[in-house]
Amino acid sequence: MRSLGIDYISIFGLPPVAFVELAAELGCDSISFGLNLSNTNPEGFPRYAIREDKALRCEMKAALQANGIHIALGENLPVLPDVDGMDTWRASLDVLSELGTRRINSVSLEADFARNVDQYGRLAEACGEYGIVPLIEFVPIFGIADLPGAMSVIEAVGAPDLGLIIDTMHCARTGLTGADLAAVPNERVGYIQLCDAPLASDADYMDEAMHERQAPGDGELPLAEYLVALPRDVVLSLEVPQLSRAKAGQGPRERLAHCVARARELLR
Numbered sequence: 005m006r007s008l009g010i011d012y013i014s015i016f017g018l019p020p021v022a023f024v025e026l027a028a029e030l031g032c033d034s035i036s037f038g039l040n041l042s043n044t045n046p047e048g049f050p051r052y053a054i055r056e057d058k059a060l061r062c063e064m065k066a067a068l069q070a071n072g073i074h075i076a077l078g079e080n081l082p083v084l085p086d087v088d089g090m091d092t093w094r095a096s097l098d099v100l101s102e103l104g105t106r107r108i109n110s111v112s113l114e115a116d117f118a119r120n121v122d123q124y125g126r127l128a129e130a131c132g133e134y135g136i137v138p139l140i141e142f143v144p145i146f147g148i149a150d151l152p153g154a155m156s157v158i159e160a161v162g163a164p165d166l167g168l169i170i171d172t173m174h175c176a177r178t179g180l181t182g183a184d185l186a187a188v189p190n191e192r193v194g195y196i197q198l199c200d201a202p203l204a205s206d207a208d209y210m211d212e213a214m215h216e217r218q219a220p221g222d223g224e225l226p227l228a229e230y231l232v233a234l235p236r237d238v239v240l241s242l243e244v245p246q247l248s249r250a251k252a253g254q255g256p257r258e259r260l261a262h263c264v265a266r267a268r269e270l271l272r
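Counting in this note's numbering, the sequence shown runs from 5 upward without gaps.
By construction, these hints were calculated from the structure, which means they are not laboratory data.
All of these numbers come straight from a predicted model, not from anything done at the bench.
Hints may be right or wrong, so weigh each one.
Unchecked claim - Ranges of calculated distance between the beta carbons of each label pair, as one might list FRET restraints:
1. Gly253 - Ala207: 18 to 26 angstroms
2. Arg249 - Ala70: 38 to 46 angstroms
3. Tyr209 - Leu60: 30 to 38 angstroms
4. Ser205 - Phe49: 25 to 33 angstroms
5. Ser42 - Ala265: 21 to 29 angstroms
6. Asp206 - Asp122: 35 to 43 angstroms
7. Glu224 - Asn40: 39 to 47 angstroms
8. Glu56 - Gly179: 40 to 48 angstroms
Said to hold, decoys possible - The list that follows gives simulated cross-link-like pairs (lysine to aspartate or glutamate, DMTMM-like), each with its CA atoms no further than 20 angstroms apart:
9. Lys251 - Asp211
10. Lys65 - Asp91
11. Lys251 - Glu212
12. Lys251 - Glu224
13. Lys58 - Glu102
14. Lys65 - Asp33
15. Lys58 - Asp98
16. Lys65 - Glu129
17. Lys251 - Glu47
18. Lys65 - Glu102
19. Lys251 - Glu216
20. Lys65 - Asp116
Backbone N, C-alpha and C define an ideal beta-carbon position, used for all residues, glycine too.
Taking the hints into account, I'd like the entire structure generated from these sequences.
Dropping the structure here:
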């Protein structure tokens with residue numbers, strides 16, 4: 005049976021140890037984890053500060069080990085316009101490395117190609133010092149907005165470990181087919197974020213992406229076509245935030261148990 009993970013934005017502020025325990029309870033193997041606490045917290049979970057709270061980091065590491073879960077992806081290392089990210093990246097990498105993180109996710113709000121090449125070259129160099137793999141996620145409304153844009157930066161940087169995150173919603177909304185994904189070199193595909201959604205929507209894109217996705221098979225995306233095209237040995241993780249359901253009283257376990265079950269059906 006293929007392993008599954010749960011991505012950080014799906015849990016809306018659930019504290020770290022509880023997140024790890026939930027992933028294990030649902031039969032998952034990994035999580036993604038962000039160091040910047042989301043302001044979206046409809047269930048009123050206690051606030052925490054993982055960067056500053058060493059005791060909490062120790063508790064999380066113990067929970068990861070006890071439950072057989074690992075952090076497959078660290079979040080919140082963006083490329084920003086007019087900002088050299090190195091200092092903030094290193095501070096984040098210090099914490100993520102301590103937690104045993106294997107990869108990091110980076111989106112770019114920078115539109116300039118040359119500057120993206122420079123910044124991702126520097127990020128790849130910094131990640132290499134920690135033994136962490138850097139991955140670019142293209143987002144239709146961001147500076148690196150599509151697959152060709154991401155691949156052009158990766159090729160220009162030339163770092164062997166710099167790869168891609170494949171987000172099924174972003175893929176569909178930028179018009180990608182399974183054939184497009186099959187053409188990406190397998191070694192560049194570093195992580196797959198799995199969700200469903202309508203093929204088109206009038207909703208604000210970032211609000212939809214961050215707050216209202218659907219479980220696999222509950223929407224219209226060509227998920228089976230995508231998964232056939234992508235390498236099977238890559239981490240597959242559920243990125244399914246469902247704010248409306250959380251506000252209606254469904255807790256993280258109820259929401260994500262449905263997502264895991266639907267993903268298992270898709271993978272049969």
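Each hint, compared with the structure:
Restraint check, glycine 253 to alanine 207: a C-beta distance of roughly 22 angstroms satisfies the suggested window 18 to 26 angstroms. Between arginine 249 and alanine 70 the beta carbons are some 29 angstroms apart, a value that contradicts the proposed interval 38 to 46 angstroms. Judged by the Cβ atoms, the range 30 to 38 angstroms given for tyrosine 209 and leucine 60 holds: they are separated by roughly 33 angstroms. With their beta carbons about 28 angstroms apart, serine 205 and phenylalanine 49 fall inside the hinted range of 25 to 33 angstroms.
In this structure, serine 42 and alanine 265 meet the distance hint of 21 to 29 angstroms, their C-beta atoms being roughly 25 angstroms apart. Aspartate 206 and aspartate 122 have their C-beta atoms about 37 angstroms apart, which keeps the hinted 35 to 43 angstroms range intact. A beta carbon spacing of about 31 angstroms between glutamate 224 and asparagine 40 contradicts the range 39 to 47 angstroms that was offered as a hint. For glutamate 56 and glycine 179, the Cβ-Cβ distance of about 43 angstroms falls inside the hinted range of 40 to 48 angstroms, so the restraint holds.
Pair hint lysine 251 plus aspartate 211 holds up; C-alpha atoms about 15 angstroms apart against a cutoff of 20 angstroms. A distance of roughly 24 angstroms separates the Cα atoms of lysine 65 and aspartate 91; the hinted pair therefore is violated under the 20 angstroms criterion. About 15 angstroms separates the Cα atoms of lysine 251 and glutamate 212, which keeps this hinted pair within 20 angstroms; it holds. Taking the CA atoms of lysine 251 and glutamate 224, the gap is near 24 angstroms; set against the 20 angstroms cutoff, the hint is violated.
Restraint check for lysine 58 and glutamate 102: satisfied, since their Cα atoms lie roughly 10 angstroms apart, inside the 20 angstroms limit. Using a Cα cut-off of 20 angstroms, the hinted pair lysine 65 and aspartate 33 holds, with the two alpha carbons roughly 15 angstroms apart. Among the hinted pairs, lysine 58 with aspartate 98 is consistent with the structure: their alpha-carbon atoms are about 12 angstroms apart, no more than 20 angstroms. Taking the CA atoms of lysine 65 and glutamate 129, the gap is near 26 angstroms; set against the 20 angstroms cutoff, the hint is violated.
Straight-line distance between C-alpha atoms of lysine 251 and glutamate 47 comes to about 7 angstroms, which keeps the hinted pair within the 20 angstroms bound. Taking the CA atoms of lysine 65 and glutamate 102, the gap is near 8 angstroms; set against the 20 angstroms cutoff, the hint holds. At roughly 12 angstroms between alpha-carbon atoms, lysine 251 and glutamate 216 fall within 20 angstroms of each other, so this suggested pair holds. This hinted pair does not check out: lysine 65 and aspartate 116 have alpha carbons roughly 38 angstroms apart, beyond 20 angstroms.
Against the hints set out earlier in the document, violations occur for numbers 2, 7, 10, 12, 16 and 20.
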